[in-house]
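Engineer: The task is simple: from the sequences and hints, build the whole structure.
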Amino acid sequence: GQSLEQPSEVTAVEGAIVQINCTYQTSGFYGLSWYQQHDGGAPTFLSYNALDGLEETGRFSSFLSRSDSYGYLLLQELQMKDSASYFCAVRGSGNTPLVFGKGTRLSVIA
Amino acid sequence: DSGVTQTPKHLITATGQRVTLRCSPRSGDLSVYWYQQSLDQGLQFLIQYYNGEERAKGNILERFSAQQFPDLHSELNLSSLELGDSALYFCASRGDYNSPLHFGNGTRLTVT
Chain D
24 GQSLEQPSEV TAVEGAIVQI NCTYQTSGFY GLSWYQQHDG GAPTFLSYNA
74 LDGLEETGRF SSFLSRSDSY GYLLLQELQM KDSASYFCAV RGSGNTPLVF
124 GKGTRLSVIA
Chain U
67 DSGVTQTPKH LITATGQRVT LRCSPRSGDL SVYWYQQSLD QGLQFLIQYY
117 NGEERAKGNI LERFSAQQFP DLHSELNLSS LELGDSALYF CASRGDYNSP
167 LHFGNGTRLT VT
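Chains D and U are the protein sequences, given in the same order. At position 9 of the first sequence (counting the first as 1) the number is 32 in the working numbering, and the numbers step up by one without a gap. At position 49 of the second sequence (counting the first as 1) the number is 115 in the working numbering, and the numbers step up by one without a gap.
Just so you know, these hints were derived from the structure itself, not from any lab. Keep in mind that the hints are not guaranteed to be accurate.
These stretches of chain U come out as covered by chain D in the derived footprint (C-beta under 8 Å, 3 or more residues) [claimed, not checked]:
1. 121-127
2. 162-176
If you only want the chain D side, here are some residues facing chain U, beta carbon under 8 Å, derived [to be verified]:
3. 68
4. 110
5. 119
6. 120
7. 122
Please read all numbers here as calculations on a predicted model, not as lab measurements. Using N, Cα and C, we set each Cβ at its ideal position, and we do this for glycine too.
Structural biologist: Here you go:
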């Protein structure tokens, strides 16, 4: 099976940089994904790492180290609208469902 | 707008009752997934369908069942409802294996 660990809460100041870590245990590995969910809203896809290294998409970047079973989501130039829950997720193989971590609630303060 | 449609948005019912949640996937997506999200919990995978066939089962209770119809819409049936079944139920769809999941806006179920 799969299990993921990520911090439950993070608070950061507007304009700052925050890193949300995720460690995972999985039998088989088919990439690490990140999703954002605002209160009362649907999860939305942010990024996907299949290989080691950094993927950048605008203010958001995601990193993966398969040897360490570790990844992180980096949010730069934080804005108030980034206040949301962030979930990491893994799949054991291509056709298996995504297993999500419990999520990290990010609060951006002025 | 993800293109995934879930109805109803809200559902309030009593313990012991049965409800049906409906999901229409994005146009062209053959895979449908159901997830449950309880308060302060992550997304718990329930069940997956692909082109009408069940593909994977997660932590789905025996009181719960689902199906995917020939037009690819899916229904999640919850019966003998208990207070602990109160949660947000999300449906998601995706195209091929390398595509991300696209989630609907969810159905908020309240069991009283």
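Engineer: Do three or more residues from the segment 121-127 of chain U put their C-beta atoms closer than 8 Å to C-beta atoms of chain D?
Structural biologist: holds (count 3)
Engineer: Using the nearest Cβ pair, does residue 119 of chain D come within less than 8 Å of chain U?
Structural biologist: With Cβ-Cβ at 6 Å, under 8 Å, it holds.
Engineer: Taking the closest Cβ pair, is residue 110 of chain D under 8 Å from chain U?
Structural biologist: holds, 6 Å
Engineer: Just to be careful: measuring from the Cβ of residue 120 of chain D to every Cβ in chain U, is the smallest value less than 8 Å?
Structural biologist: Because about 5 Å separates residue 120 of chain D from the closest Cβ in chain U, which is inside the 8 Å limit, the hint holds.
Engineer: Given residue 68 of chain D as an interface hint, is its Cβ closer than 8 Å to any Cβ of chain U?
Structural biologist: holds, 4 Å
Engineer: Hint check: is the beta carbon of residue 122 of chain D less than 8 Å from a beta carbon of chain U?
Structural biologist: This interface hint holds because 6 Å falls under the 8 Å limit.
Engineer: With a cut-off of 8 Å between beta carbons, are at least three residues of the segment 162-176 of chain U near chain D?
Structural biologist: holds (count 9)
Of the numbered hints listed earlier, not one is contradicted by the structure.
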